[in-house]
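Can you build the whole structure from these sequences, using the hints too?
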Amino acid sequence: MKPFSYERARTPAEAAAAVERRPGAKFIAGGTNLLDLMKLGIEAPPHLVDVNGIGLDRIEPTPEGGLRIGALVRNTDLAADARVRRDHAVLSRALLAGASGQLRNRATTAGNLLQRTRCPYFYDPAQACNKRQPGSGCSAIGGVSRQLAVIGGSTACIATHPSDMAVALRVLDAQVETVQPDGRTRVIPIADFHRLPGNTPQAETALEPGELITAVTLPAPLGGRHVYRKVRDRASYAFALVSVAAVVMPDGRGRVALGGVAHKPWRVEAADAALPQGAKAVMATLLAGASPTPENAFKLPLAERTLAAALQG
Amino acid sequence: MDPFESARVTFDVNGQSCTFEALDTRTTLLDALREHLHLTGTKKGCDHGQCGACTVIVDGRRLNACLTLAVMHEGAKVTTIEGLGTPERLHPMQAAFVQHDGYQCGYCTPGQICSAVAVLDEIRAGIPSHVTADLTAQPLFSVDELRERMSGNLCRCGAYSNIAEAVVAAREQLEPGTTT
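Heads up: the protein sequence lines correspond to chains A and B, in order. With the working numbering, the residue at position 286 of the first sequence is 286, and numbering never jumps. Basically the working numbering = 1-based index in the second sequence + 1000.
Among the hints, a few may not be true.
[What the hints assert, rightly or not] Under the rule of at most 30 Å between Cα atoms (straight-line distance), these lysine-lysine pairs were calculated in the DSSO-like manner:
#, chain 1, residue 1, chain 2, residue 2
1, B, 1077, A, 2
2, A, 26, A, 2
3, A, 280, B, 1077
4, B, 1044, B, 1077
5, A, 2, B, 1044
6, A, 39, A, 26
7, B, 1044, A, 39
8, A, 26, B, 1077
9, A, 2, A, 39
10, A, 280, B, 1044
These are computed hints drawn from the structure, not numbers from a lab.
Set out below in structure tokens:
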């Protein structure tokens, strides 16, 4: 690991200013992804700003009837919150489908959103990767791509976003609240938070340098049946090949998002309208224009079957 | 070393206060325990959070000691395998692993035991898991729950069935009167 200096921030504004002050500096919260990447030399921040002492660790009701989830709320605590389990169960289910008990105890709400891809070429410094080293090329295209994206990719990158939590947040239409180094705050809809790779796969989110996530808000409960169904190579502790987050109303209407298929949680609002017609009708719109590799073309029928299974309950 | 690349940190390990005056900021909690405090019960397996051999309990919660920096734990209370019990006075979970042969080579065992102790606490605290059928109900202990909750602790010898038996037996000791 490359040497780095370290400081503990006391407030969100202080943390944002501290990161902006030092080029290349990063926030550290749970650290479960960042330290892994630092050990491999994929991340090498010269300075870390520890945000574990800045608060933002509560889940509070909003005036609109939803919940404001502090950025530092641990995945375990978010999944176990009685209000989330009762009113936003797809979020609890998604969190519990990800990682291990040890990792969920450390991983935070904001950090989960900011996870880097697990594309094996991103993780291997001997390989070309436009995300790790812009302009170096993409060894994944034409390489081992079984786990990688089937839609929304580019000629520069076919990585997937690894988060389960983010797929549930996308189906719930969550919003991401941030603070800038100059103290300004803004709200980013989850749909606009993660980017598609295009020609700049290294730019993964809408965040600007030094911008700190302070909270994620959920709208008022949607009602309906909440489902998170994840298909993976082993029964536990593995990333998704495909996952489906769905909220389905008694009359069959609802909304759907997919994980494991794209550079961001994949939802197309127009596809939601087809939900009463079943999984095949949804996928005709949701996965229209997909361009899988020969190794991951199986994800298209798998996504349809996973949604069909989820709709059956 | 650049003085800005080291930091002072104090935390409690197994009831003893430990202060590091100028710790290299890169030192993980795992390396602080093993290399600085010579508490070698906690094991380094993959060093990337994939195997669970480094599992310790910090402020009542299990975590991967390899994926957290020691300097991030100012004021924390750390419990390692050495703090759960001693060879003369084994923790019931340690005794059950011996009784039920919950290991072969033993390398993953300290992590398995720390994790298992925390799993029982997590179920008692009402934290659900991926296999909990009713999210709104208090989760109940079962072997399915145990297997899901222990999935972050790999055992390359494949002693899983004996590990599960050991945890079931330890729970009967630790939580008498409860049913599986």
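task: Hints the structure violates: just list their numbers, smallest first.
output: 3, 10
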